[in-house]
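Enquirer: In terms of numbering that gives the first Met the number 0, the sequence shown is numbered consecutively and its last residue is 329.
Worth flagging that the hints you see were computed from the coordinates, not collected in a lab. Heads up, a few of these hints could be off.
Distance windows between CB atoms, simulated [claimed, not checked]:
{"id": "1", "residue 1": "Q98", "residue 2": "P164", "range": "33 to 43 Å"}
{"id": "2", "residue 1": "E50", "residue 2": "N163", "range": "47 to 57 Å"}
{"id": "3", "residue 1": "D95", "residue 2": "D236", "range": "22 to 32 Å"}
{"id": "4", "residue 1": "V176", "residue 2": "D95", "range": "27 to 37 Å"}
{"id": "5", "residue 1": "G289", "residue 2": "H38", "range": "27 to 37 Å"}
Every value quoted in this text rests on a predicted model; they were computed, and no experiment measured them. Glycine residues also receive a C-beta, built at the ideal position from the N, C-alpha and C atoms.
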Amino acid sequence: MQLIEEIIKKIQTQSQKKIIFSESEDPRILKACVHLCQHKLVTPILLGNPEELTAKIKTLTKGAELPIEIIDPNTSSHLPMFSEQLYEKRKLKGMDKQQAAQEVKKPLVFAYLMLDNNLADGTVNGAITTTGEVVKKAIQIIGLHSDSEIVSSFFIMSSTTNQNPKTYLFADCALVVEPTAEQLSYIAYDTIKNAKQLLQQPIRTAMLSFSTQGSAQHPEAQKVSEATMLLKKRLPDECIDGEIQFDAAIVPEICTQKYSNSQTQGNANIFIFPNLSAGNIGYKITQRLGDFAAIGPILQGLKKPANDLSRGCSVDDIINLAIITASQTL
């Protein structure tokens, strides 16, 4: 996949990033970590029993040792500090010190506290944990980025054909069900920021709707129009169209007919959907009927890179998300 290859070249010019994996009991995670370490893509940190994990890794590597760091949350020297920090973060929500001392031993919580204390660069979870739990704990412990007011997600949609390869970012397809106009503008803002990190091409954003520049009068279309205005105030120099229908955003000839003063000129590569129904359906149609690979959902809006896997993920999915997580730290 061309985009992943480009990102690998980028991260290999830097010192290896430390990425935490809290779900070491999953064989897919171990296989992915071995690959990442063998190819010197990231430095994996596994949470779990060191003796058991070391034995499993040696089985996978046929006895070869790898510089994979293994930390047991139950015996870590960081427990007292982490426990106190978690208590301070959650005491107003009713958590007492005894509860905090137990909670920090949970691998997901421990991973986020490590990240919050700059003991790693990013974390990847979700192979056996629900998205709801991954996101909830991330918000509670890591918190939102100063530029963000909502945690959302995006998918990287990358064509699987080598001829004329194309890459798009779709948001939000996994988290925010019915964003307000303001929330939609923040989703777009964060997606554009990530696009600039990930894509080696000009960023052209389409705020999608069933209406193009007032062709339909409806509150849902008006919401997208308002979100576009808010976004342009925050990013006045960016290439942004909205509200705009998908065909006008992707086909130059149709864009000329429908959107006279278009900035994208029908060549958008960032697509912001008006709600979760549209986004989720849109990315799955693209994936299943358009021969595109879907990488994600990739979380955005948090202070630190913390990403969520699908529980049906493959080893390759884990590897790719770890690579993207590393790139988000650059």
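Enquirer: A separate judgement is required for each hint: does it hold in the structure or not?
Expert: Quick rundown of the hints versus the structure:
no.	hint	verdict
1	Q98 x P164: 33 to 43 Å	50 Å, violated
2	E50 x N163: 47 to 57 Å	51 Å, holds
3	D95 x D236: 22 to 32 Å	50 Å, violated
4	V176 x D95: 27 to 37 Å	33 Å, holds
5	G289 x H38: 27 to 37 Å	29 Å, holds
Hint compliance for this structure: hints 1, 3 are not met, and every other hint is.
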